[in-house]
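Residue numbers (this note's numbering), protein chains in the order written: chain A, 1 to 373; chain B, 374 to 507.
Hint data in this document are derived by calculation from the structure and do not stem from the laboratory. Virtual Cβ for every residue (Gly too), placed ideally from N, Cα, C. One or more of the hints may lead you astray.
Simulated restraints on C-beta separations [stated by the list, open to error]: (1) G489/B x N100/A: 54 to 62 Å; (2) T271/A x T497/B: 27 to 35 Å; (3) Q505/B x S56/A: 41 to 49 Å; (4) D72/A x Y492/B: 25 to 33 Å; (5) T497/B x V33/A: 49 to 57 Å; (6) S502/B x E118/A: 19 to 27 Å; (7) I117/A x Q453/B: 31 to 39 Å.
What the simulated footprint calls covered on chain A by chain B, stretch by stretch (three residues with Cβ under 8 Å from a Cβ of chain B suffice, anywhere in the stretch; the number is not a length) [stated by the list, open to error]: (8) 179-186; (9) 313-325.
Coverage of chain B stretches by chain A, computed from C-beta distances (three or more under 8 Å per stretch; other residues unrestricted) [stated by the list, open to error]: (10) 407-414; (11) 419-431; (12) 458-467; (13) 488-502.
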Amino acid sequence: MKKSALSFYIFVVMLNLSCAQETENKVITPEKVPFIAELFVDDLLIPWGFTFLPDSSILITEKSGELIHFKDGKKSIIGNVPEVYQRGQGGLLDVVAHPNYADNGWVYFSFSSAEGIEKGGNTSIFRAKITAKALTEIQVLYKAGPNTTKGQHFGSRIAFDNDGYLYFSVGDRGARDDNPQDITRDGGKIYRLMDDGSIPKDNPFVDQDNAKAAIYSYGHRNPQGLIKHPETGEIWNHEHGPRGGDEINVVKKAANYGWPLVTFGINYSGTPITDETSMEGMETPIHYWVPSIAPSGMAYVTSDKYDNWKGSLLVGSLAFQYLERLEMDGKKVISREKLLDGKGRVRDVREGPDGLIYVAIEGKGIYKLVPTK
Amino acid sequence: MKLLIPLYGCIVIILGMFLFQYSELTESMERGNEIYSDFCITCHLSKGEGVPYTFPPLAKSDYLMNNREQSIKTVKYGLQGEITVNEIVYNSGMAAMGLEDEEVADVMNYIANSWGNTYDSIVTEDEVSKVQKE
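Just chain A, with the same shape it has in the complex:
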C-alpha cells in the first residue's frame, strides 16, 4: 500500500516536471546591463520597421505611411510611397534592404493595400529603388486577397535567406476559421518568393490544384517577427497568439503550425479555443509565452559587443513595453531577460552593421544600445 502511494507521488511529481515548460521561467530583470540606451533617432510615432543601408544610413517606415531616411543625424522624407489602406493594424509596415543592395539597389516593403475589387485591404509586398528622395521602379511582388475591412493581423515581416529567397508573413486577417488551415486562401501563411517576385519551382504547393503557390508554411496567426538564423541559415518566426500562446517557430517547408486547431492561448473573452496544444502533423513551437507579451520585431545577436549576448534572440514586447533577451542553447530557451523596461511599446529591433543593437519604440524613436565595457 505504501509502495503504491509512493509511486503515485512520484508519478505526480514526474507529471508536473514533464509539463513544466521553460516558458514558466519568470522573465528576470537584470541588476546590471552591458549598455546605455541612447536615443539615436528621435520623434517617431510608430516606427514599424527599419533597415540599414551600406552608408550606415537608416530607412524607417512609419505605420502612418511615411518613409523616412535618416542620415548623418538628419531625417528626410522619401516620396512616392504607395497609398496605404489605413485601418486597424494596417499601414506602411516592414522595410528590408536586399542582401546585395550595394549592387542592385532594391529595397523591399510590406504594407496594407486596397488594390483589388473588394472593399477593404490586405497585405502587399513590393520592391523599389530610391532615386532623388523618391521611390522609383516600384514592382508589386505579391498582393494577398481577398480584401477585407477587418483591422487585424496583416503579418508583414520580410526576411531573406542565404540562397536569396524572399520570405514574408501574412496574418490570418481576422478570419481564423477560413484562412490559416486552407492553402487555397491567403492569410495565416509564410510565403517564399524569388527576389524578383517569381515563384520558386520547388515551393511545396506549386503542383497542388488551386493552392497559392507562394505559400511556404501555414497555420500561422499573426507573425510579426521573421529572421534568418545567422548560424544555421534557417528562417525563424515569432507570432502573436490570442490571449496567451505567442510562439517562436522554426519555419519549415510545407509545415503546419496549427492555428487555430492547436494553441497555448485562449480567446480574449476568456473562453477556450481548443484544448489541444499539440497534434499529429502540426509543429510545436520551440518557445511560447503565457501570458502574451505581444511580440514584434526580432534580432539574433551575432556581435560580441555585449558581454555574453552573442547567440541570444532579442524580441520586442508591445504589451509589456520592454525588450526581451532570450538566451538560447540551439533551439532551446535557457533564460529570459527584461531590458528597457517601461520605455514604451517596442516595435522592432535589429543589429546594425556596426554590431550594435538598435531598438524602435513607439512614441519615442530608435534607441542605440551603446556598450558600456
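Once you have looked at the hints, place chain B on chain A.
Same frame as chain A, now just chain B:
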C-alpha cells in the same frame, strides 16, 4: 374624458420614441461590439479593463464618461500624448483605426454603455462627422 385621448396619444408617442431610441441604441451597440472585437480588444481587453499604466481602462473610465467629444475624437483620429484616466497617467498613444463615422458611433455606443458605463444619449454618425481633428 376628452383629455384622455390626447393623453393616450402623447404616451404612445413618447413611449414609441423611447423604444425607438432604445432599439436604435441596442442595434448600434451590437455593431459596436463587433468592431470592438476587431480593433480594440487586443489592448483594452474584453471587459474594457485595460492594463494599468499601459492601456487605459474603458470600463468605469472617468475620461470616457466626462469627455464625450474628446473620446469620439480619440476613436476617430487616434491620440498622442499624456492622458490621465482614473488617476493614472498614460502616455503610450493610440493610432487612428481608420473607422468610418458610423463605425465610430457604433463602437462609442458600445463602450459608453457597457461594463457599468452609461451615456445619457446615443452617439450618432452625424455627431461624429462634426468632430474635427482641430
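Now for the hints, and whether the structure bears them out:
Look at G489/B against N100/A: about 59 Å separates their beta carbons, and that is inside 54 to 62 Å. In this structure, T271/A and T497/B meet the distance hint of 27 to 35 Å, their C-beta atoms being roughly 33 Å apart. Between Q505/B and S56/A the Cβ separation comes to about 42 Å, which falls inside the hinted range of 41 to 49 Å. Judged by the Cβ atoms, the range 25 to 33 Å given for D72/A and Y492/B is violated: they are separated by roughly 52 Å.
Roughly 52 Å separates the CB atoms of T497/B and V33/A, a value that falls within the hinted 49 to 57 Å. Hint check: S502/B to E118/A, Cβ distance near 25 Å, so the stated range 19 to 27 Å holds. Between I117/A and Q453/B the beta carbon distance is about 35 Å. The supplied range of 31 to 39 Å therefore holds. Restraint check on the segment 179-186 of chain A versus chain B: 0 residues with Cβ-Cβ distances below 8 Å, three needed, restraint violated.
Counting residues of the segment 313-325 of chain A whose C-beta lies closer than 8 Å to any C-beta of chain B gives 3; at least three are required, and the coverage claim holds. Closer than 8 Å: that is the beta-carbon criterion, and the segment 407-414 of chain B has 4 residues meeting it against chain A, so the requirement of 3 holds. For the segment 419-431 of chain B, the stated coverage by chain A is satisfied: 3 residues place a CB nearer than 8 Å to a CB of that chain, which reaches the threshold of 3. Beta-carbon proximity to chain A at under 8 Å applies to 3 residues in the segment 458-467 of chain B; the threshold of 3 is reached and the given coverage holds.
Chain A is given as covering the segment 488-502 of chain B, and this is violated because 0 residues of the stretch bring a CB closer than 8 Å to a CB of that chain, at least three being needed.
Checked against the numbered hints given earlier, this structure breaks hints 4, 8 and 13; the rest are met.
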